[in-house]
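A.B. asks: Given the structure of chain A, go ahead and fit chain B onto it with the hints provided.
Read off the chains here:
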Amino acid sequence: MITNASPLKRSMLGSALAGTSRIRPSGSRARRTMVAGLMLTSLVDAFSILVIFLIMSHSTNQEVLNVGDKIQLPQARESQFIQEGVVVRVEGGRYFVDDKPVALSTLAASLKSHNDGAIAAKKEGLIIIADRQLDYADLSPVILAGSNAGFIKYKFAVIRDE
Amino acid sequence: MHFSGKSGSGRKKQMNFELNLIPFIDVLSTCICFLLMTAVFINLGSFHVSQAVGSEKQEKVEVKGSVTVSMGGQGDVRFEVKDVKGIGQDLKLVTVRGNGGKINFDKTEEWIKSFASRFADVKTVLLMPNPTSKYDDMIQLMAQFKKNQLDQIGVAPL
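Residue numbers (my numbering), protein chains in the order written: chain A, 423 to 584; chain B, 4 to 161.
So here's chain B without its partners, still in its complex pose:
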């Protein structure tokens, strides 16, 4: 980097000087290396749930109906709607059969979407897994509910 200037009296005075950028680049490179090495690239998130059964709830929340989801063996998922007025039998008690021992997530999302579109006031979901239910399956089911605005999710212990 180079700077120059002139004095006002007419006599030329050299004010040229150079700024050595090499050490500055060295410092910046070291900073970049350090920051890149210590950076966390995995973006962790969390699912906020509460205990559905037997918890000592401190706050009283008005519940406008709820959906109880029972995860059975062989990937079966049973949806049971409680305390919701005007619900038809087609939505009140539905069992989505598993597909090859795994949960059929396309069918479950289809049911959740149709339910959420008709009963937007209902926000409460009680998830009841069985002892062999996989943690990943629980998370995927909860994600489907959250996606459809049913975000007050509780998990029942065994």
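Excised from the complex, chain A in its bound form:
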């Protein structure tokens, strides 16, 4: 037993119940001991499994996007996992390309510079983040600018509704 050669042996506690028993009070005569030992091995096992699971889920996580504070994404079931790409965010009437504010007049040029710089981005398409209540009139310029910049595919960011 773990208690044989451990400090726990020296710190065994006398049973409080045994000491106050009316039928056979044994608190003063024969010492009955109650060991307050903790089996830490199972706890370590559980913690290890938890850590491995969390590390695995971290490593398989998809692209982490900066969704603005004021943006409430729409929910949809039939969506795919989001992948890498140039991100355009429409927030409060302002446009952000990869978290940098861009004027609407220079949106196409900014997207083109991003597209020219990365071949992978062109393959993956343009990720659009917008609020669910946004009018299409504010979204359409992004699609037009993306088309002018050479993007073929558009990915509307949503919250996956499982």
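If you're looking for bench data, these hints aren't it; they were derived computationally from the structure. Just so you know, even glycine gets a beta-carbon here, dropped at the ideal spot from N, CA and C. Among these hints, one or two may not hold up.
[As the list claims (entries may be wrong)] DSSO-like mimics (lysine-lysine), calculated; alpha carbons at most 30 Å apart, straight line:
id: 1; chain 1: B; residue 1: Lys110; chain 2: B; residue 2: Lys95
id: 2; chain 1: B; residue 1: Lys126; chain 2: A; residue 2: Lys575
id: 3; chain 1: B; residue 1: Lys67; chain 2: B; residue 2: Lys110
id: 4; chain 1: B; residue 1: Lys95; chain 2: A; residue 2: Lys575
id: 5; chain 1: B; residue 1: Lys95; chain 2: A; residue 2: Lys492
id: 6; chain 1: B; residue 1: Lys67; chain 2: A; residue 2: Lys492
id: 7; chain 1: A; residue 1: Lys522; chain 2: B; residue 2: Lys88
id: 8; chain 1: B; residue 1: Lys126; chain 2: B; residue 2: Lys105
id: 9; chain 1: B; residue 1: Lys105; chain 2: A; residue 2: Lys575
id: 10; chain 1: B; residue 1: Lys126; chain 2: A; residue 2: Lys492
id: 11; chain 1: B; residue 1: Lys95; chain 2: B; residue 2: Lys105
id: 12; chain 1: B; residue 1: Lys126; chain 2: B; residue 2: Lys67
[What the hints assert, rightly or not] What follows is a set of in silico ranges between Cβ atoms, one per label pair, in the way DEER data are often shown:
id: 13; chain 1: B; residue 1: Ile25; chain 2: A; residue 2: Lys522; range: 24 to 30 Å
id: 14; chain 1: B; residue 1: Val43; chain 2: A; residue 2: Arg516; range: 20 to 26 Å
id: 15; chain 1: B; residue 1: Ser120; chain 2: A; residue 2: Asp538; range: 29 to 35 Å
id: 16; chain 1: B; residue 1: Arg81; chain 2: A; residue 2: Leu472; range: 52 to 58 Å
id: 17; chain 1: B; residue 1: Lys85; chain 2: A; residue 2: Arg516; range: 35 to 41 Å
id: 18; chain 1: B; residue 1: Lys105; chain 2: A; residue 2: Ala531; range: 24 to 30 Å
id: 19; chain 1: A; residue 1: Ser535; chain 2: B; residue 2: Thr98; range: 40 to 46 Å
id: 20; chain 1: B; residue 1: Asp124; chain 2: A; residue 2: Glu506; range: 31 to 37 Å
id: 21; chain 1: A; residue 1: Gly490; chain 2: B; residue 2: Lys85; range: 35 to 41 Å
id: 22; chain 1: A; residue 1: Lys534; chain 2: B; residue 2: Leu39; range: 53 to 59 Å
id: 23; chain 1: A; residue 1: Asp560; chain 2: B; residue 2: Asp154; range: 36 to 42 Å
id: 24; chain 1: A; residue 1: Arg516; chain 2: B; residue 2: Gly103; range: 30 to 36 Å
[Said to hold, decoys possible] Computed far set for chain A versus chain B, every beta-carbon distance over 12 Å:
id: 25; residue: Asp520
id: 26; residue: Ser527
id: 27; residue: Ala579
C.D. replies: Same frame as chain A, now just chain B:
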């Protein structure tokens, strides 16, 4: 944790030793706290669409008919089927009226389902929102099409 062993010569040799698990638990707890705090619990997804009108398409895809969806004011949605042989008038041009200014998604799904069940070859959808169409309504309509295997969706700019 406690280990013991005996030597083979008969003389007992104590090999008891203890492994202190407390620092190990401390490290694991710290790891768990860090991983939980940095975990992303919102599961983001995306809808893949292309530009329906005016895009410089690089690949030529054979299109076996298409459905043009026009989102009007007051939640009206008009479905127009093009280049599909054998389609009846009941499906070719249908307008689903809005319900209190909002899109009647039950009716739209009903139409999409009946169309997809009869014309499984048709995969192309062109979505034409109006300036006041809500982004959420567009997504919900696209989700209904994707659910019914019409997954080549394009969005027309204004």
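A.B. asks: For each hint, tell me whether it holds in the structure or not.
C.D. replies: Status of the hints after comparison with the structure:
{"no.": "1", "hint": "B/Lys110 with B/Lys95", "result": "holds (16 Å)"}
{"no.": "2", "hint": "B/Lys126 with A/Lys575", "result": "holds (17 Å)"}
{"no.": "3", "hint": "B/Lys67 with B/Lys110", "result": "holds (25 Å)"}
{"no.": "4", "hint": "B/Lys95 with A/Lys575", "result": "holds (28 Å)"}
{"no.": "5", "hint": "B/Lys95 with A/Lys492", "result": "violated (41 Å)"}
{"no.": "6", "hint": "B/Lys67 with A/Lys492", "result": "violated (41 Å)"}
{"no.": "7", "hint": "A/Lys522 with B/Lys88", "result": "violated (49 Å)"}
{"no.": "8", "hint": "B/Lys126 with B/Lys105", "result": "holds (26 Å)"}
{"no.": "9", "hint": "B/Lys105 with A/Lys575", "result": "holds (28 Å)"}
{"no.": "10", "hint": "B/Lys126 with A/Lys492", "result": "violated (35 Å)"}
{"no.": "11", "hint": "B/Lys95 with B/Lys105", "result": "holds (23 Å)"}
{"no.": "12", "hint": "B/Lys126 with B/Lys67", "result": "holds (8 Å)"}
{"no.": "13", "hint": "B/Ile25 with A/Lys522: 24 to 30 Å", "result": "violated (48 Å)"}
{"no.": "14", "hint": "B/Val43 with A/Arg516: 20 to 26 Å", "result": "holds (25 Å)"}
{"no.": "15", "hint": "B/Ser120 with A/Asp538: 29 to 35 Å", "result": "violated (45 Å)"}
{"no.": "16", "hint": "B/Arg81 with A/Leu472: 52 to 58 Å", "result": "holds (53 Å)"}
{"no.": "17", "hint": "B/Lys85 with A/Arg516: 35 to 41 Å", "result": "holds (38 Å)"}
{"no.": "18", "hint": "B/Lys105 with A/Ala531: 24 to 30 Å", "result": "violated (38 Å)"}
{"no.": "19", "hint": "A/Ser535 with B/Thr98: 40 to 46 Å", "result": "holds (43 Å)"}
{"no.": "20", "hint": "B/Asp124 with A/Glu506: 31 to 37 Å", "result": "holds (33 Å)"}
{"no.": "21", "hint": "A/Gly490 with B/Lys85: 35 to 41 Å", "result": "holds (39 Å)"}
{"no.": "22", "hint": "A/Lys534 with B/Leu39: 53 to 59 Å", "result": "violated (41 Å)"}
{"no.": "23", "hint": "A/Asp560 with B/Asp154: 36 to 42 Å", "result": "violated (26 Å)"}
{"no.": "24", "hint": "A/Arg516 with B/Gly103: 30 to 36 Å", "result": "holds (32 Å)"}
{"no.": "25", "hint": "Asp520", "result": "holds (16 Å)"}
{"no.": "26", "hint": "Ser527", "result": "holds (16 Å)"}
{"no.": "27", "hint": "Ala579", "result": "violated (5 Å)"}
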